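*Asks:* For the protein sequence lines, the chains are A and B, in the order given.
The first sequence: position 30 = 30 (my numbering), numbered continuously.
The second sequence: position 104 = 104 (my numbering), numbered continuously.
In short, the hints are calculated from the structure, not lab data.
Treat the hints with caution; some may be incorrect.
Remember, identical chains collapse to one label, so a pair may be satisfied in a single copy or spanning two.
[Stated by the list, open to error] Below, computed lysine to aspartate or glutamate pairings styled on DMTMM-like, alpha-carbon distance capped at 25 Å:
1. Lys102 - Asp195
2. Lys65 - Asp195
3. Lys115 - Glu178
4. Lys102 - Asp4
5. Lys18 - Glu126
This structure is a prediction, so every number in the text was calculated from the model and none was measured.
Number of protein chains: 2
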Amino acid sequence: MLNDNARRLQEVNDTLVKMSELVGTAISLATQALLNDDLSLAEQVMSGDDELNGLNADVEGLCFKISTLQAPMARDLRMVIGAIRMASSLERMGDLAVHIAKQVRLRYPNPSVPKELIVTFAEMGEAASNIVEEIGQVIATGDPALASKIAEYDDVLDRLHRELFIAVLAPTWAHGVEAAIDVTLLSRYFERFGDHAVTVAKRITHIAVGPTFSE
Amino acid sequence: MLNDNARRLQEVNDTLVKMSELVGTAISLATQALLNDDLSLAEQVMSGDDELNGLNADVEGLCFKISTLQAPMARDLRMVIGAIRMASSLERMGDLAVHIAKQVRLRYPNPSVPKELIVTFAEMGEAASNIVEEIGQVIATGDPALASKIAEYDDVLDRLHRELFIAVLAPTWAHGVEAAIDVTLLSRYFERFGDHAVTVAKRITHIAVGPTFSE
Chain A
1 MLNDNARRLQ
11 EVNDTLVKMS
21 ELVGTAISLA
31 TQALLNDDLS
41 LAEQVMSGDD
51 ELNGLNADVE
61 GLCFKISTLQ
71 APMARDLRMV
81 IGAIRMASSL
91 ERMGDLAVHI
101 AKQVRLRYPN
111 PSVPKELIVT
121 FAEMGEAASN
131 IVEEIGQVIA
141 TGDPALASKI
151 AEYDDVLDRL
161 HRELFIAVLA
171 PTWAHGVEAA
181 IDVTLLSRYF
191 ERFGDHAVTV
201 AKRITHIAVG
211 PTFSE
Chain B
1 MLNDNARRLQ
11 EVNDTLVKMS
21 ELVGTAISLA
31 TQALLNDDLS
41 LAEQVMSGDD
51 ELNGLNADVE
61 GLCFKISTLQ
71 APMARDLRMV
81 IGAIRMASSL
91 ERMGDLAVHI
101 AKQVRLRYPN
111 PSVPKELIVT
121 FAEMGEAASN
131 IVEEIGQVIA
141 TGDPALASKI
151 AEYDDVLDRL
161 HRELFIAVLA
171 PTWAHGVEAA
181 IDVTLLSRYF
191 ERFGDHAVTV
201 AKRITHIAVG
211 PTFSE
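Take these sequences, add in the hints, and give me the full structure.
*Replies:* Right under this line is the structure:
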C-alpha cells in the first residue's frame, strides 16, 4: 500500500505540473488574443478551461484515495493538503485567463486595449507567463529556493497594475469610461494571477520545510 | 481515537461556522462603512481580518491532525477535504470585505459611492449579508436543502452587478472615470463574494450526498 501511495503522490505532483503547463498556455494565448484582438485564440482559451477544471477534480480524487488507503505521514500529508490548495489556485489562474479571453470576445472586432497601453499589457503577459513557468518548476522539483523569482515577477505585475491605474486616471486619458473600466479589470486579472502564483509558491515552501501552524 | 476524531470533526465544523459569522460581521460593517463613509468601521473590518486568517489555518491544522491519527472514512474524509476548501473560500470572502473597506479608506473623507447608487449598494450589502448567514446555517446543519436560497441571493448580486455596469456606462454618468472604476471594482467585490458562497454551498452538498469525481 505504501508503494501505491508513493505512486499516487507522484501522480498528484505530475497533475499539478500538468495544470501549471495548461495555465501557462492559457495565459500566453489570452495575452496574444488581447494584444492582437484575436477571437479564435480567445475561444481556444475558453474551451481549454474544462481540462483544467477536470485536473483540479482529479487532484482531489487522488488525495482522497491516498488518505483512504493509509493515513499518510507528516510530509506526505502536507503534500496532500497542499495539493488540494494548489490545485484550487491553479484552477483559479485558469479562470483569470478565461476572464481576459472573454473580454476580448466582448469587444471583438474592436480592440480591447488602447494602442498606447499595448506595451504595458505585453509586459504583464510576459510576467504572468514567466511566473507560471516558475511555478511549474517549483512544483516539479519541490525546491522552494526557486520560489524567490516568483515574488520578483509578482512585483512586476503589481507595478504594471499601478501604472495602468495612473494611465486611465490621467487627464490625458482620451478613451472614456468604458475603456477605463476594461483596462482596470484586465489589469486586475493579471495582478490576481500573480497573487495566486505567490500562494502556490508559499505552499511549496510549507510542504518542504514544515508547517507554520501548530499540529 | 475515533472519539478524538469525531470531536475534532465537530471542532472543524464549529470553526467554519465561526468563520462564516466573522465574514458576516465583516461584510455588514464594510457595507455600512461604504454607505456612510465611515472610516472607523472600515478600519474595524481591516483589523478583524487576522482572526479569519487564523481560523483558516486552524481548520487546516485540525484536518491535518484528523488525518494523522487515523485514516478517516468516506464521509469524514469528504468533510476534511471539503473543510480545507470551504475555509479558503470563507477567508477569501473576508478579504473581499477588506477590499471594500480599503476603498472607503482610500476615498475618505469623500464618499466612495455617488448618491444615486447608494440604494443599489445597500441592496448588494443586504444580499451579501443574507448569503453568508445562509452559509453559516448550511454548514451548521450540513443540510444541503438550505443551500437553494444561496443561489437566489447570488442571482440578486449578479443582477445588481449588471445594473451598476449599465449605470456607469450610461451617457448620464456624471462622475468621471475614477468614480466609474471605484463603482466597478466595489461591485465586483460583492459579486465575487457571492460566487464564493455558492462554492461553499456546493461543497456542503458534495459532503452530504457524495462525490462527483471518481474515487
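*Asks:* Now tell me if each hint is right for this structure.
*Replies:* How the hints compare with the structure:
1. Lys102 - Asp195: Both. Shortest intra-copy (21 Å) and inter-copy (18 Å) distances satisfy the 25 Å Cα cut-off.
2. Lys65 - Asp195: neither (30 Å within a copy, 28 Å between copies)
3. Lys115 - Glu178: both (15 Å within a copy, 21 Å between copies)
4. Lys102 - Asp4: The answer is neither: 41 Å in one copy and 49 Å across copies each exceed 25 Å.
5. Lys18 - Glu126: Classified as within: same-chain Cα gap 20 Å, cross-chain 41 Å, threshold 25 Å.
Violated hints for the displayed structure, listed by number in ascending order: 2, 4.
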